[in-house]
Amino acid sequence: MHRSILLLSASAMALSSPAAAKTAIAGGSDTAAQEGSAETESARTRRVFTPEDFERFAPRNALDMAQQIPGFSIRSGNGERGLGQADTNVLINGQRISGKSNGPIEALQRIPADEVVRLEIVDGASLDIGGLSGQVLNVITKSTGGITGQFRWSAEWRSFGVPFRWGDGQVSLAGGGTNSEWTLSFENDAGRRGNEGVELVFDADGTLIDTRDEQSNFNSDNPVLSGSYSRTAQNGNIVNLNGQVAGNIFRRSETSERTGAIEPVDRFRLFESREDEFNFEIGADYSFALGPGSLKLIGYHRYEDSPTVSLVTTTFADGRPLEGSRFTRDADEAETIARAEYSFGGLGGDFQIAAEGVKNYLEIESALEERDAAGVFQPVEFDGASARVDEDRAEASVTYSRALAENLQMQLSAGAEYSEISQTGAQGQTRSFWRPKGFAAFDWKANSTLNLSGRVERKVGQLNFFDFIASTNLDQDRVNVTNADLVPPQSWLFELEATQSFGALGSLNLRGFYEDVSDIVDQIPIDGGGEAPGNAGSATIKGVESELTLLFDPVGLPGLRLDAELEIAESEVLDPLLGTPREISGFEHLEFDIELRQDFIGTPWAVGAFFRTQENRADVRLDEVSLRTERPGFARVFIEHKDVFGMTARFRVGNLADQEDRFERTIFADRLAGIVDLREERERRFGTIYSFDIEGSF
Numbered sequence: 004m005h006r007s008i009l010l011l012s013a014s015a016m017a018l019s020s021p022a023a024a025k026t027a028i029a030g031g032s033d034t035a036a037q038e039g040s041a042e043t044e045s046a047r048t049r050r051v052f053t054p055e056d057f058e059r060f061a062p063r064n065a066l067d068m069a070q071q072i073p074g075f076s077i078r079s080g081n082g083e084r085g086l087g088q089a090d091t092n093v094l095i096n097g098q099r100i101s102g103k104s105n106g107p108i109e110a111l112q113r114i115p116a117d118e119v120v121r122l123e124i125v126d127g128a129s130l131d132i133g134g135l136s137g138q139v140l141n142v143i144t145k146s147t148g149g150i151t152g153q154f155r156w157s158a159e160w161r162s163f164g165v166p167f168r169w170g171d172g173q174v175s176l177a178g179g180g181t182n183s184e185w186t187l188s189f190e191n192d193a194g195r196r197g198n199e200g201v202e203l204v205f206d207a208d209g210t211l212i213d214t215r216d217e218q219s220n221f222n223s224d225n226p227v228l229s230g231s232y233s234r235t236a237q238n239g240n241i242v243n244l245n246g247q248v249a250g251n252i253f254r255r256s257e258t259s260e261r262t263g264a265i266e267p268v269d270r271f272r273l274f275e276s277r278e279d280e281f282n283f284e285i286g287a288d289y290s291f292a293l294g295p296g297s298l299k300l301i302g303y304h305r306y307e308d309s310p311t312v313s314l315v316t317t318t319f320a321d322g323r324p325l326e327g328s329r330f331t332r333d334a335d336e337a338e339t340i341a342r343a344e345y346s347f348g349g350l351g352g353d354f355q356i357a358a359e360g361v362k363n364y365l366e367i368e369s370a371l372e373e374r375d376a377a378g379v380f381q382p383v384e385f386d387g388a389s390a391r392v393d394e395d396r397a398e399a400s401v402t403y404s405r406a407l408a409e410n411l412q413m414q415l416s417a418g419a420e421y422s423e424i425s426q427t428g429a430q431g432q433t434r435s436f437w438r439p440k441g442f443a444a445f446d447w448k449a450n451s452t453l454n455l456s457g458r459v460e461r462k463v464g465q466l467n468f469f470d471f472i473a474s475t476n477l478d479q480d481r482v483n484v485t486n487a488d489l490v491p492p493q494s495w496l497f498e499l500e501a502t503q504s505f506g507a508l509g510s511l512n513l514r515g516f517y518e519d520v521s522d523i524v525d526q527i528p529i530d531g532g533g534e535a536p537g538n539a540g541s542a543t544i545k546g547v548e549s550e551l552t553l554l555f556d557p558v559g560l561p562g563l564r565l566d567a568e569l570e571i572a573e574s575e576v577l578d579p580l581l582g583t584p585r586e587i588s589g590f591e592h593l594e595f596d597i598e599l600r601q602d603f604i605g606t607p608w609a610v611g612a613f614f615r616t617q618e619n620r621a622d623v624r625l626d627e628v629s630l631r632t633e634r635p636g637f638a639r640v641f642i643e644h645k646d647v648f649g650m651t652a653r654f655r656v657g658n659l660a661d662q663e664d665r666f667e668r669t670i671f672a673d674r675l676a677g678i679v680d681l682r683e684e685r686e687r688r689f690g691t692i693y694s695f696d697i698e699g700s701f
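Note that the working numbering has the sequence shown beginning at 4, numbered continuously upward.
Among the clues, some could well be false.
As the list claims (entries may be wrong) - Cut-off 20 Å, straight-line C-alpha distance, at most; resulting in silico cross-link-like pairs (DMTMM-like, lysine to aspartate or glutamate):
id, residue 1, residue 2
1, Lys103, Glu409
2, Lys362, Asp308
3, Lys645, Glu199
4, Lys448, Glu423
5, Lys545, Glu598
6, Lys545, Glu594
7, Lys362, Asp335
8, Lys362, Asp395
9, Lys448, Asp395
10, Lys545, Glu591
11, Lys103, Asp192
12, Lys645, Asp696
13, Lys545, Glu460
14, Lys103, Asp353
15, Lys545, Asp530
16, Lys645, Glu598
17, Lys103, Asp308
18, Lys362, Asp393
19, Lys440, Glu373
20, Lys545, Glu498
21, Lys462, Glu423
22, Lys645, Glu257
23, Lys645, Asp117
24, Lys545, Glu573
25, Lys145, Asp171
26, Lys462, Glu498
These aren't lab readings, by the way, just hints derived from the structure by calculation.
As the structure is a prediction and not an experimental result, all values here were calculated from the model.
The task is simple: from the sequences and hints, build the whole structure.
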């Protein structure tokens with residue numbers, strides 16, 4: 004693993020020069036952006052940064068600052084059940100964000116730089132917020148008393164294959180008074196992507212039987228109107244509101260010119276799909292003193308309507324009737340959550356008693372049609388493709404946190420959940436489950452530069468309700484039948500994290516993890532025929548993550564910064580068909596990012612470069628095995644000017660390594676017996692990407 008050697012070598016270089024951390028920085032650059040300039044307020048606070056620490060990056064908002072904190076990465080949440088205990092590592096004014104889609108990145112992006120007082124990196128286990136451990140960012144803000152705004156616009160074009168992208172941008176406002184703050188933002192996340200290349204099809208003997216010249220386009224627009232409001236009353240009561248209304252307009256097309264012995268005549272295949280999604284989300288919480296402690300009430304609701312259409316059409320050179328299929332689906336889904344948290348002091352620490360109730364549902368209406376011999380669409384019966392899934396869930400927990408020593412924090416939690424899942428349709432049923440939950444976590448400041456944290460947790464996973472309902476992928480000619488027997492997976496998670504500060508030279512964060520999962524969801528055979536996502540027994544997941552920041556000011560290279568992230572993970576599950584060990588289907592095995600940035604101190608100029616590569620394991624179905632790879636990886640460079648009439652302008656050139664999108668698939672006549680039917684190999688390219696960004700404030 005040469006990537007591991009790279010990170011370890013860089014770390015060793017930093018550790019070998021401890022005296023350099025105290026050396027004055029040449030060229031007048033500031034060490035504050037490297038290790039924090041403000042004094043920490045308590046043993047619970049690891050580092051404190053002020054807006055002045057990030058001046059050389061010309062930040063426009065709190066997100067711009069947070070992304071420059073050495074050795075820290077924002078965790079946006081991983082789809083945990085309900086709101087539950089905190090699953091992000093960002094707080095705003097000591098409060099968690101009562102949203103999901105409208106999460107920490109979106110919230111930080113709406114806070115203008117002028118309203119940021121400081122950014123604190125604190126020990127998660129030291130807080131009276133259940134679920135936090137390791138490094139947690141607490142952003143302290145204060146309204147300026149006026150109304151400020153910021154904007155961003157990005158244009159993108161490619162050397163071939165896709166249309167010009169001009170509609171990507173954001174505009175936001177922020178304001179408030181002495182005791183209140185509000186933000187309002189409109190953003191469109193636009194994408195114009197695509198690739199093209201040749202796919203080859205071979206028979207079981209390796210003979211080429213079809214050549215396909217293909218081109219794909221993926222066009223998307225995701226307009227979002229979001230906002231937040233917070234107010235602290237004179238008596239200390241706090242109210243927070245946040246919400247968003249959004250759309251997701253997606254269009255995909257793929258053309259395929261085909262020739263070969265697999266068919267007697269040449270063909271032209273067109274695949275099209277579209278989605279016109281609407282969704283909204285609203286969250287609110289209210290905190291007030293009650294008895295010896297404080298009570299926090301949280302409410303959340305999200306609704307989404309997603310109508311989709313997929314269509315595949317094959318035209319023949321000899322003029323015979325069209326062949327093809329059309330799959331139409333309208334999915335409505337919603338989640339409603341009510342949660343209460345009562346916090347009070349006791350036994351030398353802090354207690355939190357929490358209760359939560361959740362109602363989820365997914366309702367799908369689907370229709371499948373195929374062209375008959377005359378080329379006319381006719382309805383096809385598709386059992387289980389129209390149904391409704393409901394879940395009612397309640398959980399309760401008790402969390403206790405305290406300092407065992409000035410430099411050692413502990414947090415314990417115990418709880419349980421009850422859920423009832425029901426599904427309509429021919430195979431509909433109602434089932435109920437009891438599941439224990441809880442964790443033990445610690446944060447230990449071993450010395451002035453080393454922090455250690457650990458966590459043992461009993462988790463209950465979140466099911467994807469779409470897995471219950473039959474569906475088809477017309478592009479890949481795949482069918483999942485209905486499966487009403489899914490149960491939520493459970494797991495034991497063990498984590499150990501270490502954060503080593505190198506002072507002015509940067510920092511290194513290492514996290515090792517091991518997860519023992521029962522009732523893992525993977526592709527399984529279904530009684531009665533067919534396959535679908537289902538519970539495949541037990542599985543294990545283990546790996547290590549590392550985040551390294553090196554700053555070269557102390558060694559005579561002012562303004563030069565390197566950030567690298569590496570994740571290596573392995574998994575194991577028994578194949579439901581073969582009974583032999585393999586990786587979890589589609590599991591991400593490796594991801595490596597490295598970025599180099601040079602700010603020219605005393606000037607508004609900056610340049611940089613970025614590279615990313617990743618490896619996934621094969622997707623495994625009963626009758627096929629497929630693998631997607633991206634080689635050699637994605638490389639990008641940029642040049643930036645931080646004062647173009649008061650704005651920041653940036654020009655980027657991407658895909659300098661000419662990444663190939665590869666897809667290999669083996670289709671079996673009988674995978675259990677190892678009998679191959681067809682094998683597909685595809686290589687596609689997507690050209691050079693040019694981007695121009697402009698950001699400003701008003």
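Against the structure, the hints come out as follows:
1. Lys103 <-> Glu409: Since the Cα atoms of Lys103 and Glu409 sit roughly 34 Å apart, the hinted pair is violated (cutoff 20 Å).
2. Lys362 <-> Asp308: 17 Å, holds
3. Lys645 <-> Glu199: Between Lys645 and Glu199 the Cα gap is close to 36 Å, so the pair fails against 20 Å, i.e. violated.
4. Lys448 <-> Glu423: 43 Å, violated
5. Lys545 <-> Glu598: Answer violated: Lys545 to Glu598 is near 26 Å, above 20 Å.
6. Lys545 <-> Glu594: 14 Å, holds
7. Lys362 <-> Asp335: Within the cut-off at roughly 14 Å; holds.
8. Lys362 <-> Asp395: Roughly 5 Å separates the two Cα atoms, so the pair holds.
9. Lys448 <-> Asp395: 41 Å, violated
10. Lys545 <-> Glu591: Holds: Lys545 and Glu591 sit about 12 Å apart, inside 20 Å.
11. Lys103 <-> Asp192: Given pair Lys103, Asp192 holds - Cα atoms ~17 Å apart, limit 20 Å.
12. Lys645 <-> Asp696: 11 Å, holds
13. Lys545 <-> Glu460: 15 Å, holds
14. Lys103 <-> Asp353: Violated. Lys103 to Asp353 sits at ~26 Å, over the 20 Å cutoff.
15. Lys545 <-> Asp530: Not satisfied, since the Cα-Cα distance of roughly 32 Å exceeds 20 Å.
16. Lys645 <-> Glu598: Holds, at about 19 Å.
17. Lys103 <-> Asp308: 17 Å, holds
18. Lys362 <-> Asp393: It holds: about 7 Å lies between the C-alpha atoms, which stays within 20 Å.
19. Lys440 <-> Glu373: Violated. Lys440 to Glu373 sits at ~47 Å, over the 20 Å cutoff.
20. Lys545 <-> Glu498: Given that 20 Å is the threshold and the Cα spacing comes to 10 Å, the pair holds.
21. Lys462 <-> Glu423: Holds: Lys462 and Glu423 sit about 18 Å apart, inside 20 Å.
22. Lys645 <-> Glu257: Judged against 20 Å, a Cα distance of about 40 Å means the pair is violated.
23. Lys645 <-> Asp117: Roughly 17 Å between the alpha carbons, so the hint for Lys645 and Asp117 holds.
24. Lys545 <-> Glu573: 5 Å, holds
25. Lys145 <-> Asp171: With a Cα-Cα distance of about 29 Å, the restraint between Lys145 and Asp171 is violated, given a limit of 20 Å.
26. Lys462 <-> Glu498: Since the Cα atoms of Lys462 and Glu498 sit roughly 13 Å apart, the hinted pair holds (cutoff 20 Å).
Checked against the numbered hints listed earlier, the structure breaks hints 1, 3, 4, 5, 9, 14, 15, 19, 22, 25; every other hint is satisfied.
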